[in-house]
Amino acid sequence: MKASGLTSTLARSVSLVAVATCLTLTTTAFAQTQTGAEATNAQPTTPPGTTADPAAAAGQLTTPQTAPASESAATDGTGDEIVVTGIRASLERSIAIKRNSTGIVDAISAEDIGKFPDTNLAESLQRITGVSINRTNGEGALVTVRGFGPSYNLVTLNGRQLATANVSVVGGDQNADTAQGSSRSFDFSNLASEGVRTLEVYKTGRAAIPTGGIGATINVVTRRPLDGKGGLTGSVGAKALYDTSTDGCLDCGSKVTPELSGVLNWADPTDRFGVSLFGSYQKRNFTSISATSNDWNIIPYSTFLSGGFVRSDGSTVITGAPTDPNQLVGVPNDSRYHYAEGSRERINGQAVLQFKPIETVTLTADALFAQNRQEEIRSDLSNWFSRPFDEVRFDGNPTVATATYLHETINGAKDEGFEAQNRAQKSRVQDYGLNMRWDIADNFSLNIDGHYSKASSNPNNPNGASSTLVGMGANVVTAHSVDYSGDIPKQDITLNGPLTVAQVGSQIGRTFASSQEQRVKEIRADFGWDLGGGSRVDFGGNFRNTVMDQTRVATQQTLGDWGITNPGDVERLAPGALQSFCLICKFRKFDPGNDPESQIAFRGNAAGIYSILSPYYAGLGAANAVGITTNEDNRVREKIWSAYAQVTWKGEIANAPATLVGGLRYEKTKSRSISLVAVPAGINWVSDNDFTVVISNQSSYLRDRGSYDNFLPSIDFQVELQQNLIGRVSYSKTIARPEYGNLFTSTSVNGPPRPIANGGIATASTGNAQLVPLESDNFDASIEWYYKPDSYVSLGLFDKRVRNFIGNGQFTSDLFGLRDPSSGAAGTRSGQARAALQALGADQSDVNLFALTALLDQTGSITAATTQFQANYNTTTRSLNDDFVKQINSARDVIANGTDVLYQFQVTQPVNNRDAEIYGLEVAGQHFFGSTGFGVGAAYTLVRGDVGFNIGASPSEDQFALLGLSDTFNATLIYDKYGLSARVAYNWRDKFLSGINRQGSRNPEFTKPFGQLDVNISYDITPNFAVSFEGINLTEQKLRTYARDESQLWFGQELRRRFLLGGRFRF
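Each residue of the sequence shown is one higher than the one before, counting from 82 in the working numbering.
Hints are computed from structural coordinates only; laboratory data are not their basis. Certain hints may be false.
[Unchecked claim] Derived lysine to aspartate or glutamate pairs resembling EDC-like cross-links, with alpha carbons at most 16 Å apart: (1) K749 to D611; (2) K670 to D328; (3) K1072 to D1048; (4) K437 to D328; (5) K320 to E440.
[What the hints assert, rightly or not] FRET-style restraints, in silico, Cβ to Cβ: (6) P696 to G401: 35 to 45 Å; (7) D858 to I529: 54 to 64 Å; (8) G743 to Y533: 44 to 54 Å; (9) L878 to A321: 40 to 50 Å; (10) F792 to N994: 48 to 58 Å.
Just so it is clear, CB atoms sit at the ideal spot from N, CA and C, and this is done for glycine as well.
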């Protein structure tokens, strides 16, 4: 812990010192005559040991020893160089990279030193044809390319594989609390854009490029001190960020937060030695208002009629009912509103040293540090359905009929939920590298590179958790209805009287601590042999060793219990910890209705409240002790050996300039998976539809191995058909390795979402270390017309034929000898209770079945249990007195015994079981209108494939679907003249599948189409000083996800505008 704290302190200091150093040096630098700015890439990037054009033909990644081409420059009357900067210059450099590279390559270049086109790297990437992004709290984070989601794209830093760790807790819906760090996805929100020179997106494979990206390989290129002119150059920038979501916040801190950055480059006049420093600090405060549903039951209509959803006497009013008893219907478990206040703090630092002891040798040492802290304090207002319903309205959908209106009357009063939630996660990325480039001869070079990269995502709550939840409620609801016909559910509740904090009592306390860490050690050697005339041979090899560790621990503690046996305990034990407020008043775009009794909610710090309630209740006895419900510890190690050879020919065909690049890459991969498995002791039935997994003290190690090798050919051909008209065709074979979570050897079990007797399904999952990577044959063709240096049009076609897609195999099995107390099987307690309910003519609801089973377990006699049940059963409302239900819930859990049958788990396991074809087209263009300064750009990507989700399929049916596949469109209006640069950009993404196998019904998660409008304006007040204004999400586009039908809401989140006002000094 001390070492970790020291690392954090040093890293923070380096970043802030870099900013301070730049600030200190600006006065001196301003007095000097500047003959030029840092030279940036006007032509495509080059591989080790080459000059610009040959490497562009080879299409290799920019590495720490890339020698960038000098920038095109004009001169003034005195002969001093004038370097073009701004949006137009950035676009020109990006076009040059696209034009001169072989294969399909796109890029985004910095507008100037320390100034990237967007504050967020992911937001910049979405301007590239075929690239779309996923957002968290309105900020770009994960990248999809040509329909392949984040896990199918490889991210490198200066040609090196960058370690990644991603536990997405903050900003998500209900599922985010249990997030597991098991993916290979890189979160671009960790990196500040000001320290980046170029983003390169390689959409076709190369022998010389690291494997792992079927969608694309994205290379982040940072600055090198010897890239530009000698002397001192740099910039210092400051911005004030105003997030409009903070208007009306309760306790979110300052509405205006700082963004500071500094870049410093120095090289001696002989270009022998250079130093580059970069540092940035960015803070954002925000609020978020959202609506969610915890789960959607997808069942046949016949099960809906017999599974406790409707009254057994037929009094439930059903409208729009399916005529086919086998048709699937969707019924929600609850509806929830959430209000969150949070913050994000990002710190970045970079340092680079370069030294040329002799003219032919260049040595480079570099380091990168990035830290991203995120947290949010959430307030929940939820209403769950006790069932059976009095009224249900279906929407008439012939595929899956959704219950869009549900009403129930309570016999007594049930609880309204006010769960407090704290989420906090800290992510870090570090990379340290050494590089030597040696020009052994005029036409032969060697590049040796080694680096160590580490990424981690760890809990950051004060109690060591990623998420802390304190369930609270008040027994005040006598009737409850929800209308799902709009964008979000409208709750309508009836209370039994005024609601105050004195009625709020605790229920259950839970914590989730999830972490992921990846470490990468890599060494490579690349040789380049220049044959002259642009032809060359490149060959080399590398070794990479990666280790990924994942842990997750979940706890649960009974406080006042589900029945709220101790109302007012929060206020008594933690006075002032809860404040009442109107949660639904925070909505501005969604309509939650105007039910006056739904306007009262309570807000508090979950971690603080739990730190007081937990020891108090733990002191009451073993029944209130903290129990572990999940304990995961998984490790995956991969060792990868690779070798490649690549030949570039450049010449003419029928007097037309042409380039041919062919290569072969061989990779050998060995993996080892180790899991420390905590054996579950049981799954207790704790209330009507609540089950708790109990972990024993017993644990064991499970180990497995996997190995595979791949031959990956590639060939790229391009020809200049006419002047400035370029045609390309490419073929490559690429791979994407399985998600780490699929390689785990552990098996985890989950309790059913409701009693098995009423249709609940207990689920389990296990990994498969024998998985092989996805393998894709990629075909690309494009034609591009570059009719001006800053204008072009292009049309591209692509086809990817992918083998070994990973789907979920499914089988049914008992596990760990776990028995089911809710089976309803003959001879069991729940079976006797089920038969007694039928004899009484009472509804077989979850509440009634649990109550009678618990009474039987308590009394040991079905006669005595039935007598107590009847004494508290209202034959008019056909329901138990709610106070009696709460008493039973608090008094007893039903624990499996020897008479209960074994759970039959629906077990899913990842398997390579699907081939698919993904194909599409990309259309793009950009045009500047002469010397007016005005320009326009647009791009559309169409993606299709046989990889969709069948929404009408049974939840028990195995399905494969590709996450992230969608069409995308972007358009930009540009002005750049007289020192004024302006850009208005619109990005749109069509509906896409963002998740599968969600909850007990294995539902999909679709994200609704999303379009965002942004503006960026800067003005050069002097040649050295510019001011800027940015507006993000000007139309306040909303985020919405849903299950099998748009009415089946998962998550609806309002997103607000953000504005940045800044200044930047360049020297």
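May I ask which of the numbered hints given earlier this structure violates, with the numbers listed in increasing order? Violated: hints 1, 4, 5, 6, 7, 8, 10.
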